[in-house]
Every structure is written in structure tokens, then in C-alpha cells.
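From these two lone chains plus the hints, build me the complex, please.
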Amino acid sequence: MDQERNCQELAAYLSDYIDDNVEDEALCDEIEEHIHECENCQIVVDTLKKTLYLVHASAEQTVLPSSVRERLYHRLDLEEFISVDDNS
Amino acid sequence: MSEQQKREEDFSLQALKEGDRAEFAKVVETYSEKIYRLALKMLRNQQDAEDTLQETFIKAYHGFKDFKGHSKISTWLYRIATNEALMFLRQKGEPEISIDKQVQVDDGQTYTPTKIVDWCCLPEEELMSSEAMEYLDRAIEQLSEAMRVTFLLRDLEGLSTRETAEVLDISEAAVKTRLSRARMHLRERLSGYYGDALDSLPIETSHQGQDVLEGS
Numbered sequence: 001m002d003q004e005r006n007c008q009e010l011a012a013y014l015s016d017y018i019d020d021n022v023e024d025e026a027l028c029d030e031i032e033e034h035i036h037e038c039e040n041c042q043i044v045v046d047t048l049k050k051t052l053y054l055v056h057a058s059a060e061q062t063v064l065p066s067s068v069r070e071r072l073y074h075r076l077d078l079e080e081f082i083s084v085d086d087n088s
Numbered sequence: 089m090s091e092q093q094k095r096e097e098d099f100s101l102q103a104l105k106e107g108d109r110a111e112f113a114k115v116v117e118t119y120s121e122k123i124y125r126l127a128l129k130m131l132r133n134q135q136d137a138e139d140t141l142q143e144t145f146i147k148a149y150h151g152f153k154d155f156k157g158h159s160k161i162s163t164w165l166y167r168i169a170t171n172e173a174l175m176f177l178r179q180k181g182e183p184e185i186s187i188d189k190q191v192q193v194d195d196g197q198t199y200t201p202t203k204i205v206d207w208c209c210l211p212e213e214e215l216m217s218s219e220a221m222e223y224l225d226r227a228i229e230q231l232s233e234a235m236r237v238t239f240l241l242r243d244l245e246g247l248s249t250r251e252t253a254e255v256l257d258i259s260e261a262a263v264k265t266r267l268s269r270a271r272m273h274l275r276e277r278l279s280g281y282y283g284d285a286l287d288s289l290p291i292e293t294s295h296q297g298q299d300v301l302e303g304s
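Those sequence lines, one after another, are chains A and B.
Quick note: the first sequence uses my numbering, first residue 1, plus one each step.
Quick note: the second sequence uses my numbering, first residue 89, plus one each step.
No wet-lab data here; the hints were simulated from the structure.
In this text the structure is predicted, and so the values were computed from the model without any measurement.
Ideal Cβ placement from N, Cα and C applies to all residues, glycine included.
Mixed in with the good hints, there may be bad ones.
[Claimed, not checked] List of simulated lysine-lysine pairs, BS3-like, C-alpha gap at most 25 angstroms:
| no. | chain 1 | residue 1 | chain 2 | residue 2 |
| --- | --- | --- | --- | --- |
| 1 | B | K122 | B | K264 |
| 2 | B | K153 | B | K122 |
| 3 | B | K114 | B | K156 |
| 4 | B | K147 | B | K114 |
| 5 | B | K180 | B | K122 |
| 6 | A | K50 | B | K156 |
| 7 | B | K114 | B | K180 |
| 8 | A | K50 | B | K264 |
| 9 | B | K264 | A | K49 |
| 10 | B | K122 | A | K49 |
| 11 | B | K122 | B | K105 |
| 12 | B | K105 | B | K160 |
[Claimed, not checked] Here are some of the chain A residues that sit facing chain B, going by a computed Cβ distance under 8 angstroms:
| no. | residue |
| --- | --- |
| 13 | S15 |
| 14 | V22 |
| 15 | I35 |
| 16 | L76 |
| 17 | L78 |
Next comes chain B alone, as it looks inside the complex (with noise of 0.2 angstroms):
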């Protein structure tokens, strides 16, 4: 491990080997939150995230001491905690939906917008509603395995494209791909979603309109 990393995460590895129950319990205080959410969004079940984040700490902690450095502790923690997530998801033999089916997007194709709504100047209050929260829940849990894992490595746990990758096993390439994809995906059920809202609106303040894009 370079310098660079133990300072970014201030661990004490050969403590960790030696099974150090206190340096885990760092690691732990320190990954537990992260962890927990990146399961409870994956897998939309308070029980099977809260058994997820307790096999991926228990896996970690027998793995310390084969765990050899090349990555970041985090890293390697994610990677055993999207197993584990991915591991339930298959167990329980929730049929996949795919937003590529859906919208019918070829591999090397980007997804087209096409509901063109500013909703951008809705109130807080409106688009933090618990109501539009569980409706970008549900979006989430729509997504592909793969773009879901990918794009809440990225875009909700704050991962670089680099390290979604190498916890994922795939080119960086292909992060970007399947983030672009969940990300326009997201952005058009949002749209439709506040849309509504905005159609509700006094005339006066709501800039509706729905149109496609079409080459110009």
C-alpha cells in the first residue's frame, strides 16, 4: 500500500492481519454507514441490507490476513459487500428489469432524453418530498444489477470511475457506459415524475413541455 492510501485511510494493516479487534473496530465505525446504505439501496429491504453489512464485515474480518494491499481497504470492502448484495439478490430470484429492454437500447448506443421538462425550479420541499424520494427509490431499484451497482458506487457512495471499476471487475470504460445509461435513465423518470408536479403549478410559474429530441 503507498503512503498516499494510509493516509486517506489511517489503518494499521499489519493490525488488522493480527486480527487487532480494535483497529477493526475502526474500520468498521468508519465503513458501517457506507456499506449499509449502498445494501439498503441495492436490495430495497432493511433485513437482507442489515444481514449484508454484517457477512461482508465478518468476511472482512477473516480476510485481513490474506489481504495483500494492492488496494484500498475501502475498495476491497465494497467488493466484498456488492458480492454479498448480488449474492441475495440472486438468491431471492427477483427477475431482473432491464432498462435496456425498456427503453431498447443497443450496447454501444446511448439513451436518447426525451421528455425536455425544466423542473430544476420546482421548491425544495417538492423535490425532497418523501413521496419523490420513494419515487427515485423505486427508479434506482428499476436499473439493471449491473448499472444499479455501478451507478450507486459512483454517484452515491463517491467512488472515482477507476476505483467502480476495479471494484467491479471491468474496465473503466464500461463504468462510464453503464453510469451515462443510469444516470439519463434516472433523469427521465425524474422528469416525468416532476413534470407532473410542475403541471399543477399556477400557469405563471410552470415551464411545461414535452418535446423529442430530434438530430438539429
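Chain A with its partners taken away, still in its complex shape (with noise of 0.2 angstroms):
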């Protein structure tokens, strides 16, 4: 009935938990509550953050070459508007 979720129960909802998205604010208590005494899905939460700051730092490694640009540009015909100044 009213008995609480467990670990795999609650792996469930740990994607919206740290997009602070978890709507059912019961749900959300009961999360913080397991993740305060569950040193695993503490672990859990605290690598699925750090997964996506390295995807996003990775991101940002990802950046457009100044070969591919000019050619984009020189594609739809827009070179007159290239700028110079960045991606360089």
C-alpha cells in the first residue's frame, strides 16, 4: 500500500529529479529522503550529474572548423557575410 519505493523503484524518476522536474512534490520528499539514507543511489544521482557536465564540457569541445564554415557559406552562396573574427 503506502510502503516505500525502493532503490530500482526510484531509479525511475532519478532523470527528472536532478532536471528538478519531479511534478508530485510526495515524490519528490520521498526521493530526497532515499537518496539522504541510500548511500548507493546517492552515488547514483551524484555520477548521473557529473555524466552530464562531461557531456556538456565535451560539447563544447565540439566546435565548427573555420574549412567547414567557409564552405557552408561558400555553398549558399552567403560569403560576403562571413566574418573573420571568430572560429578561427
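Below, the structure written as C-alpha cells:
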């Protein structure tokens, strides 16, 4: 009935939880309480956040190469608008 | 288009509809890197990503005259780019690797974590090594197409759940489910990878262990 959900069941909500997007307040409280007491789930939350941090960091490393940019502007017949002060 | 959307994007839709090249160049300048990055992570091939980038903007240039402005320009561009990238994948006939099959998760269930290793303490240079970033890219590549594109739009490009749903023409609930599985899968893969790195650290800094979560 009102039995507390276990780690496996709560895992379904951790993605929403780290987005601060769990709409059900009672559920959100339950997750917080559980994480506070369950070391394994705390680790899952921490490493999930770190995973997203690394994805963002990796994205920032991916830039548009200037050669690709030049060919794009050429293909689109927009060479007169290409700016030269970035993506060297 | 609402006033708010106009402020967000600051392009003259009227000029774009009339084929104004200077206005179009502003759109290209704003979104080319984002589209290229999305295509590169989707396709993992620079030439294919470049072709996707070019085709996206060629289609956009010709498509503006029919663009109704019901969505943001960025959402519309992402939709074109996503379709182009998916078409590339299908033309190449690459077998789709489904993480559903790998981890035997049925619809309606969520992927359960099995690798419980706290690798957050690893030094930044270790976390961000080129080998680690390559491993991450490969792990993303191994997501199913549906999960990969959802994950990239949300977590790489930073679209909201609603915008992602709009781009992919799926429900917001479907976005959340796909995203959750993709994130949990990547966390699992990285935990395996960085767990090995932790094992090689001196014992006092190593917090190793691998447990399977069980109902508690």
C-alpha cells in the first residue's frame, strides 16, 4: 500500500529529479529522503550529474572548423557575409 | 510568432520569407555550429556531418517561404537537421544498436543501475582525457537512434523537453522516458570506464566497489 519505494523503483525518477522536474511533491520528498539514507542511490545521483557535466564539457570542445564554415558559406552563396573574427 | 519568440531569436521572419540573404546569413551564423555539433555526434563522421549541415541550411533557405512561424526558428531548423541526419544513417544502412536489447529493458520499465562506483572524485584531467571523451562519444553512438537523438537535443543542445518533443513529433512523456534511459545507460557505461581508472589509483584514494541495487 504505502510501502516505500525501493532503489529500483526510484531509479525511474532520478533523471527527472536531477532536472528538478519531479512534479509530484510527495514523490520528490520521498526521493530526497531515500537518497539521504541510501549511499548507493546517492552515488547514482552524483555520477548521473557528473555524466551530464562531462557531456556538456565535451560539447563545448566541439567547434565548427573554419574550413567547414567557409565551405558552408560558399555552398549557400553567402561568402560576402562571413565574419573573420571567430573560429580561426 | 509571439513577441517573446521574436526577442529570443531576433530575426525578421518577413525578410527570411522574402529570401533576404543578409538576414539568412544571421541565422546561419547563429545556428551552424549547433547543427554541426548535433550532426557530428549523431553520425560520428565529419564528412556526413558537413553534408548534413549544408543540406539543412539549403532546405531552410528554400523552406522559409512556407514557414508558418508556429514554432521557433531554432526548433524548425533542428527538425530539418534531425531528419537529414537520420536519413544519412538509413542510407548508410548502419545496423541500429539498441540498448533496449543490450540491457533487456521492456517499455514502461526503467533501466536499473548496476555499477555503483563513486568516480566523481577523479581529477578533471582524468575525467576529461581524450580517451575518456572518445569513450563517451562511442557510448552515445551505441544508443538507439531514438534515444540518441532525444538525448543529444536535450542534453547536448539544451532544448527543453517541450522543444525536443516538438522537433521529434513525440509526446513530452516519451522524451522523458527516452532521456532517462539514455542518461542512465551513459552513467552506467562511464561508471564501468572510470571504475577501472579508480582501481589503478593508490588504495587510500580509491573508493571502489560494485554492487547491484536490490530492493531495500
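Holds or violated: K180 of chain B and K122 of chain B, Cα atoms, limit 25 angstroms. Holds, at roughly 23 angstroms.
Taking only the CA atoms, is the gap from K50 of chain A to K156 of chain B under or equal to 25 angstroms? 40 angstroms, violated
Does the structure keep K122 of chain B and K49 of chain A at a Cα separation of 25 angstroms or less? Between K122 of chain B and K49 of chain A the Cα gap is close to 22 angstroms, so the pair holds against 25 angstroms.
Take the shortest C-beta to C-beta distance between L78 of chain A and chain B; is it under 8 angstroms? Since the shortest Cβ distance to chain B is 5 angstroms, the answer is holds.
Holds or violated: K114 of chain B and K180 of chain B, Cα atoms, limit 25 angstroms. Violated, at about 32 angstroms.
Would the stated hint for S15 of chain A survive a check requiring a Cβ distance to chain B of less than 8 angstroms? Where the cut-off is 8 angstroms and the nearest Cβ of chain B is about 4 angstroms from S15 of chain A, the hint holds.
With a cut-off of 8 angstroms on the beta carbons, see whether I35 of chain A makes it to chain B. 13 angstroms, violated
Does K122 of chain B lie within 25 angstroms of K153 of chain B when you go C-alpha to C-alpha? 23 angstroms, holds
Check the hint pairing K114 of chain B with K156 of chain B against an upper bound of 25 angstroms on the C-alpha distance. 19 angstroms, holds
Does the alpha-carbon distance linking K122 of chain B and K105 of chain B stay inside the 25 angstroms limit? 22 angstroms, holds
Does V22 of chain A hold up as a contact with chain B if the rule is Cβ-Cβ below 8 angstroms? It is violated, given that the least Cβ distance between V22 of chain A and chain B is near 11 angstroms, above 8 angstroms.
Sort out whether K264 of chain B lies within 25 angstroms of K50 of chain A, counting only the CA atoms. 19 angstroms, holds
Checked against the numbered hints listed earlier, the structure breaks hints 6, 7, 14, 15; every other hint is satisfied.
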